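Please work from the sequences and hints to get the whole structure.
Taken in sequence, the protein lines are chains H and X.
1 is the number of the first residue of the first sequence in the numbering used here; add one for each residue after it.
1 is the number of the first residue of the second sequence in the numbering used here; add one for each residue after it.
In short, the hints are calculated from the structure, not lab data.
All values reported here derive from a predicted model rather than from experimental measurement.
Every residue gets a Cβ at the ideal spot worked out from N, C-alpha and C, and that includes glycine.
Careful: at least some of the hints might be erroneous.
Derived CB-CB ranges, DEER-like [unchecked claim]: (1) Asp141/H x Glu123/X: 25 to 31 Å; (2) Met80/H x Glu150/X: 29 to 35 Å; (3) Glu71/X x Ile158/H: 31 to 37 Å; (4) Glu71/X x Ser57/H: 31 to 37 Å.
So you can see what is in the structure, the chains are spelled out below.
There are 2 protein chains.
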Amino acid sequence: MARDGKPTRDKILTESRALIYENGFAGTSVDKILEKTGITKGAFFYHFKTKNHLAKSLIEEYAREDKSHLEHGLEETKSMEDRPVERLIDFVQVFIDGMSTLEEPPSCLYASYTNETSQFDQETKDLIANSILEWRKTFIDLLKQAKINEKSKIEIDIPSLADQFVVIFEGAFIVSKALNEPDLTAKQLTHLRNYIQLLLKK
Amino acid sequence: MARDGKPTRDKILTESRALIYENGFAGTSVDKILEKTGITKGAFFYHFKTKNHLAKSLIEEYAREDKSHLEHGLEETKSMEDRPVERLIDFVQVFIDGMSTLEEPPSCLYASYTNETSQFDQETKDLIANSILEWRKTFIDLLKQAKINEKSKIEIDIPSLADQFVVIFEGAFIVSKALNEPDLTAKQLTHLRNYIQLLLKK
DNA sequence: TTAATTAAACCAACTAGTCTGTTTATTTTT
DNA sequence: AAAAATAAACAGACTAGTTGGTTTAATTAA
Numbered sequence: 001m002a003r004d005g006k007p008t009r010d011k012i013l014t015e016s017r018a019l020i021y022e023n024g025f026a027g028t029s030v031d032k033i034l035e036k037t038g039i040t041k042g043a044f045f046y047h048f049k050t051k052n053h054l055a056k057s058l059i060e061e062y063a064r065e066d067k068s069h070l071e072h073g074l075e076e077t078k079s080m081e082d083r084p085v086e087r088l089i090d091f092v093q094v095f096i097d098g099m100s101t102l103e104e105p106p107s108c109l110y111a112s113y114t115n116e117t118s119q120f121d122q123e124t125k126d127l128i129a130n131s132i133l134e135w136r137k138t139f140i141d142l143l144k145q146a147k148i149n150e151k152s153k154i155e156i157d158i159p160s161l162a163d164q165f166v167v168i169f170e171g172a173f174i175v176s177k178a179l180n181e182p183d184l185t186a187k188q189l190t191h192l193r194n195y196i197q198l199l200l201k202k
Numbered sequence: 001m002a003r004d005g006k007p008t009r010d011k012i013l014t015e016s017r018a019l020i021y022e023n024g025f026a027g028t029s030v031d032k033i034l035e036k037t038g039i040t041k042g043a044f045f046y047h048f049k050t051k052n053h054l055a056k057s058l059i060e061e062y063a064r065e066d067k068s069h070l071e072h073g074l075e076e077t078k079s080m081e082d083r084p085v086e087r088l089i090d091f092v093q094v095f096i097d098g099m100s101t102l103e104e105p106p107s108c109l110y111a112s113y114t115n116e117t118s119q120f121d122q123e124t125k126d127l128i129a130n131s132i133l134e135w136r137k138t139f140i141d142l143l144k145q146a147k148i149n150e151k152s153k154i155e156i157d158i159p160s161l162a163d164q165f166v167v168i169f170e171g172a173f174i175v176s177k178a179l180n181e182p183d184l185t186a187k188q189l190t191h192l193r194n195y196i197q198l199l200l201k202k
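Below, the structure is given as structure tokens:
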């Protein structure tokens, strides 16, 4: 057996993600990653066959984290399973709390990739689409359990309301970055929470 | 008199914008632009000193268009100046209408640039920030005229509600592209219209 | 008659990726 | 326990092609 390569691989993943948030994927050269990590070219291409294999690994890792955020939201509100209306509101609140007290504007790898789609293969793009659809599915479920359409005075398109969550996240990240206002995302999510609350009021 | 360079310059601007929407700025080489436009290198650098000068011209043009969209929204609803509540709703409706019946997912150059910020100079980034702040300003005005905080049962942070408009646009563009659902943006804006309507109901 | 454009050669820096060889920790054999 | 073998992990020089950008001389069109 030989020495442990995991620290090296992890360092490449963490640092390159940060670089991509600032330069984009095409704008992040392998040499820049090497410079930032202090890792050599040999080591880099030992761990990742090509630069695009790194892109794939990055998005896979990101999607795993994303999924665990979703699961965390469900877990945190599990005790309210029998009060679906409160659960729905509290589910959103979990993420409002998670987005407050940020020191700098957040970023999303899905958005980064989507802004230069042609750089990536279909599998990578599918992974992004499916991750977003997971949020849609989960939210549709929460909205249906809260019987939102029976309670609301106006008719609501549930799937698109479900999408609002991801839409506001993605949009807030961009505006937060463009204006350099780290607390913007939490504020934006608050409006989604308000909207749902107003819809649920008979 | 000499011959007119405008068609050449315009072609570079239009085609390079389309390329940036697919490849990002760093991923869009000058050679690719030449290939797509059929223009020569000499002509390209005759019109743009550097690739980053093109970036600047592109965002300036984009910001001008953006501003005229804002003005168009105000113009279209000018007849309701004395009914600020209806005007506010109708202002949003103008953009819902503008975003329905799209054939393909829309894109935003502000978002493209923001996803690879380090490629651009401060002036370019400032132009983006200021363009977004124009929307904020306009919307704050519309919201105040509609006396939203006097009418709403819950307390509303007006500036962040104003930002919702741009946030939903930006977020919807990304999700629309990631899922390849052209009509997503219009649907998302509809929820913003609903939200404001609910807030305005005493 | 002058600005706009072509065509092609050219450059230095940078690009992703390859290659050969070395280090390192563990396993096997003695 | 010491020596030898193994293979993963890593080093870094090198390559072939691309990058943004320059130059220059001839040509085109209003």
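*For which of the previously enumerated hints does the structure constitute a violation, in increasing order of number?*
1, 4
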